[in-house]
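**Student:** Residue-level listing of the chains:
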Amino acid sequence: MHRCDVFWMRRSFVLSSLVCLMIVILLIQAACCKESDDDDDEVTFKDFNLNLGDRIDLGDYQMELIEIQSVRDGLVVMRISKVGGSLDEQRALLLDSANNFDGGAQKRGVTITVADIFDEQSAKVRVEYLPGIGTARKRTSERPAAVPDKPELSVQKIFDKSQISVGDEAKVTIIVKNTGTGQAQNINAQDIPPLPEFTYVVGYPPKIKETLDPGESDSAVYVVNAVKEGSIQVPAIVVTYTDGKKNAKSNSSEPLGVMIGPKSKADLVISVADTSPIALDEERLLNISISNQGTASATRIEVTGEVSPSDGLRASDLDKSFFEILPGDEVNYSAKLSGQKAGGYTIHLKASYDGGDGYVIRESTAQVAVLEREYKYQYLLLIIPVAILFAWIYRRYREYKY
Amino acid sequence: MLNVLMLGVGQCGNRILDSINKEAFGGNGASKLAKYYLRPKFPSRVETLAINTAVNDLKELRFTTAKDRLHVPNLHGVGANRNVGKQAFMDNRDMIMGEIEKRGDFDVAFVITSTSGGTGSSFSPLLINELKRQYRNITIITVAVLPFREEGSIYLQNAAFCMKELMEVEAEGILLADNQYIKRFSGDIATAYDKINGMIAQRLLFLIESLDSEMLSVTDLGDFKTVMNGGLRIGTMGFYQADSKNLSIRDAIENSFKPANLLYPANVADDAARAMVIIQGSREHLDVDEITKEIERISASAGHVFKGIVVKKGRPKVLSVFTLASAPELESIYAQAARGMQDEKEKRSRARKQLDDAFAHIEDLEEIY
Numbered sequence: 000m001h002r003c004d005v006f007w008m009r010r011s012f013v014l015s016s017l018v019c020l021m022i023v024i025l026l027i028q029a030a031c032c033k034e035s036d037d038d039d040d041e042v043t044f045k046d047f048n049l050n051l052g053d054r055i056d057l058g059d060y061q062m063e064l065i066e067i068q069s070v071r072d073g074l075v076v077m078r079i080s081k082v083g084g085s086l087d088e089q090r091a092l093l094l095d096s097a098n099n100f101d102g103g104a105q106k107r108g109v110t111i112t113v114a115d116i117f118d119e120q121s122a123k124v125r126v127e128y129l130p131g132i133g134t135a136r137k138r139t140s141e142r143p144a145a146v147p148d149k150p151e152l153s154v155q156k157i158f159d160k161s162q163i164s165v166g167d168e169a170k171v172t173i174i175v176k177n178t179g180t181g182q183a184q185n186i187n188a189q190d191i192p193p194l195p196e197f198t199y200v201v202g203y204p205p206k207i208k209e210t211l212d213p214g215e216s217d218s219a220v221y222v223v224n225a226v227k228e229g230s231i232q233v234p235a236i237v238v239t240y241t242d243g244k245k246n247a248k249s250n251s252s253e254p255l256g257v258m259i260g261p262k263s264k265a266d267l268v269i270s271v272a273d274t275s276p277i278a279l280d281e282e283r284l285l286n287i288s289i290s291n292q293g294t295a296s297a298t299r300i301e302v303t304g305e306v307s308p309s310d311g312l313r314a315s316d317l318d319k320s321f322f323e324i325l326p327g328d329e330v331n332y333s334a335k336l337s338g339q340k341a342g343g344y345t346i347h348l349k350a351s352y353d354g355g356d357g358y359v360i361r362e363s364t365a366q367v368a369v370l371e372r373e374y375k376y377q378y379l380l381l382i383i384p385v386a387i388l389f390a391w392i393y394r395r396y397r398e399y400k401y
Numbered sequence: 000m001l002n003v004l005m006l007g008v009g010q011c012g013n014r015i016l017d018s019i020n021k022e023a024f025g026g027n028g029a030s031k032l033a034k035y036y037l038r039p040k041f042p043s044r045v046e047t048l049a050i051n052t053a054v055n056d057l058k059e060l061r062f063t064t065a066k067d068r069l070h071v072p073n074l075h076g077v078g079a080n081r082n083v084g085k086q087a088f089m090d091n092r093d094m095i096m097g098e099i100e101k102r103g104d105f106d107v108a109f110v111i112t113s114t115s116g117g118t119g120s121s122f123s124p125l126l127i128n129e130l131k132r133q134y135r136n137i138t139i140i141t142v143a144v145l146p147f148r149e150e151g152s153i154y155l156q157n158a159a160f161c162m163k164e165l166m167e168v169e170a171e172g173i174l175l176a177d178n179q180y181i182k183r184f185s186g187d188i189a190t191a192y193d194k195i196n197g198m199i200a201q202r203l204l205f206l207i208e209s210l211d212s213e214m215l216s217v218t219d220l221g222d223f224k225t226v227m228n229g230g231l232r233i234g235t236m237g238f239y240q241a242d243s244k245n246l247s248i249r250d251a252i253e254n255s256f257k258p259a260n261l262l263y264p265a266n267v268a269d270d271a272a273r274a275m276v277i278i279q280g281s282r283e284h285l286d287v288d289e290i291t292k293e294i295e296r297i298s299a300s301a302g303h304v305f306k307g308i309v310v311k312k313g314r315p316k317v318l319s320v321f322t323l324a325s326a327p328e329l330e331s332i333y334a335q336a337a338r339g340m341q342d343e344k345e346k347r348s349r350a351r352k353q354l355d356d357a358f359a360h361i362e363d364l365e366e367i368y
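Going line by line, the protein sequences match chains E and Z. Numbered continuously in numbering that gives the first Met the number 0, the first sequence closes out at residue 401. Numbered continuously in numbering that gives the first Met the number 0, the second sequence closes out at residue 368.
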């Protein structure tokens with residue numbers, strides 16, 4: 000191919016490429032202009048978390064959160080106004096319902112939706128609008144937040160004993176206190192159901208004042224008697240009340256467990272210390288202790304003792320009376336023993352007492368041996384005289400030794 | 000109760016004192032081991048003290064406690080030399096008197112000694128003087144033992160001079176015992192000594208017991224002093240215990256004066272100046288009439304006789320104590336002693352002369368080496 004032809008071929012290719020590039024640029028530019036026109040016509044939205052008094056400014060529009068009328072019903076009061084006074088409206092808005100002002104966002108107005116109500120002080124609000132009318136901005140209120148008129152009741156249910164026995168009485172105290180800022184009204188304490196493990200002696204059902212001002216508390220006491228043993232999960236007491244806006248509220252106490260043990264009884268144990276053998280004709284004290292290992296007092300205790308066989312071991316002061324032995328307490332007394340005849344003897348001790356559930360008898364025995372006369376040191380009878388004799392003789396020897 | 004001091008001076012005095020202590024354990028019937036299981040039983044408060052310069056003589060004693068043996072340090076005895084003995088006593092006077100003083104006060108003291116030995120014969124007169132000086136009211140009786148005549152001239156010489164000095168001191172009297180006289184009762188010398196010592200001990204304890212007893216008929220220390228002051232103030236003792244065959248009290252009294260039962264050869268009828276008869280026995284044997292008659296019979300020849308009757312269960316025992324108006328046996332001893340001393344002197348002169356003659360052979364010579 001000729002060198003000049005190549006040159007021309009290359010030149011036409013470059014030119015055609017430039018033309019294509021310019022066409023592409025023009026097409027992109029045209030598309031961008033079209034998109035900009037579309038944005039001005041499309042509704043946008045923005046969410047705001049507003050406290051009471053906070054305001055959203057959008058162009059000439061001003062939207063202020065006036066009141067959370069009902070959290071439960073989802074009613075929020077907002078005031079919408081427009082510079083120039085063409086719009087000034089205070090409207091109750093329902094949760095999740097779109098509310099149009101000036102024809103709504105599609106018609107260059109605004110559409111407001113309450114998206115969420117946090118509490119009686121704040122809510123989440125969505126504003127929809129066309130971008131052309133401006134940019135929505137939040138204006139925080141400089142007014143101090145109004146203290147809400149909100150009652151809060153704390154409830155306590157207290158057993159005075161966590162462990163009781165069948166037959167024991169327990170005192171249940173209900174304490175209700177208004178820890179909120181508003182008056183609690185229509186207070187109703189429901190301590191149900193009555194438990195089969197108890198009989199309700201007095202004060203049930205508990206009565207609490209119908210209204211409690213902030214900081215005020217009230218209590219009620221009732222007495223129960225345990226009738227059945229077991230581990231009881233005492234249900235919580237539920238207190239219902241309303242605030243000043245008739246909003247119904249409730250609170251309950253913490254559930255608690257109570258252990259009901261078997262019925263308290265006295266349990267006397269007789270023990271005899273030192274039953275070592277006693278020598279013939281020797282006198283010795285026999286120490287007897289009676290301990291109450293039960294959970295109730297033993298009363299009118301009568302202890303009697305007998306020795307068998309009856310001759311050979313003389314025992315005195317075995318019988319004894321006590322009026323009361325408290326649970327965990329111990330009483331001691333001593334009987335005098337005197338060995339009269341060698342042999343083995345049994346001492347029977349019997350204690351009868353009122354254990355709180357009728358008369359009870361407890362018995363104990365102790366073995367005491369009376370030994371034959373011991374002669375184990377008899378060798379001393381020989382050694383001592385011999386030693387004395389030797390000492391005497393030695394002394395005499397020294398006396399006469401010259 | 001009488002407070003009695005018994006001093007045994009010298010070997011002979013020590014042995015008699017030991018016999019007295021043995022007698023207190025039960026006399027001849029006492030076992031050698033009696034001192035280990037018995038306490039000596041004296042009739043009164045009796046303190047004994049054995050005094051000697053020879054420690055070996057003190058060691059021989061068997062029934063005298065160690066604390067009652069006083070050794071006067073002077074080598075090993077005085078070698079029968081009375082001059083050495085007197086010097087030893089004077090050198091140790093305070094120590095000896097201190098030991099006696101420790102034993103308290105006394106009513107009567109018996110100084111028992113041999114007249115012939117060294118320590119006893121030299122100590123006793125001086126000791127009696129010291130006792131009299133220290134204890135004003137004490138009655139001192141010397142029990143003097145005369146030697147065997149064949150023991151040698153020094154012993155006889157000592158006896159003669161000792162007796163002379165004893166007569167000169169202020170003692171209330173001397174009771175004589177003569178070894179020569181008593182030894183006839185025994186065969187060998189050792190047995191004779193034991194027998195003599197036992198006889199003296201028995202009589203002295205009987206005397207003390209009687210003086211301190213409640214008597215049917217009373218004799219006391221005053222009577223005894225009166226008896227000892229009679230005659231030469233030299234006396235002796237006789238003793239008799241009736242046997243079961245003859246319990247006659249008259250015979251017992253009579254026998255107590257017989258030579259066989261005396262410590263010194265004497266004839267009561269001829270030599271006695273004053274006498275004391277102490278009779279002991281069961282009441283059934285003590286016929287007072289018979290006793291009185293017998294005493295009256297003795298009194299007829301022996302001068303005044305004190306009688307004491309002690310009622311004590313047993314056969315009749317009679318102790319007779321009498322002082323002498325004459326002592327022919329003493330004269331014999333003095334004569335024998337004088338002869339002995341003369342012989343000794345002559346022997347010494349002859350020996351001296353022989354020695355001088357021997358030396359005369361070398362009188363003008365000198366030693367040559």
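Calculated directly from the structure, the hints in this document are not laboratory data. Incorrect hints may appear among the rest.
What the hints assert, rightly or not - Only pairs whose alpha carbons sit at most 20 angstroms apart, straight line, appear in this in silico PhoX-like list of lysine-lysine:
| # | chain 1 | residue 1 | chain 2 | residue 2 |
| --- | --- | --- | --- | --- |
| 1 | Z | K244 | E | K400 |
| 2 | Z | K224 | Z | K244 |
| 3 | E | K227 | E | K170 |
| 4 | E | K160 | E | K81 |
| 5 | E | K137 | E | K81 |
| 6 | E | K400 | Z | K31 |
| 7 | Z | K257 | Z | K31 |
| 8 | Z | K58 | Z | K31 |
| 9 | E | K400 | Z | K58 |
To be verified - If the Cβ cut is set under 7 angstroms, some of the chain Z residues that face chain E in the computed set are:
| # | residue |
| --- | --- |
| 10 | T64 |
| 11 | Y180 |
| 12 | L364 |
Backbone N, C-alpha and C define an ideal beta-carbon position, used for all residues, glycine too.
**Student:** Confirm or reject each hint.
**Tutor:** Going down the list of hints, with the structure as the test:
no., hint, in the structure
1, Z/K244 <-> E/K400, "43 angstroms, violated"
2, Z/K224 <-> Z/K244, "35 angstroms, violated"
3, E/K227 <-> E/K170, "16 angstroms, holds"
4, E/K160 <-> E/K81, "67 angstroms, violated"
5, E/K137 <-> E/K81, "16 angstroms, holds"
6, E/K400 <-> Z/K31, "14 angstroms, holds"
7, Z/K257 <-> Z/K31, "32 angstroms, violated"
8, Z/K58 <-> Z/K31, "16 angstroms, holds"
9, E/K400 <-> Z/K58, "8 angstroms, holds"
10, T64, "5 angstroms, holds"
11, Y180, "32 angstroms, violated"
12, L364, "57 angstroms, violated"
Taken one by one, the earlier hints fail for this structure at numbers 1, 2, 4, 7, 11, 12, listed in ascending order.
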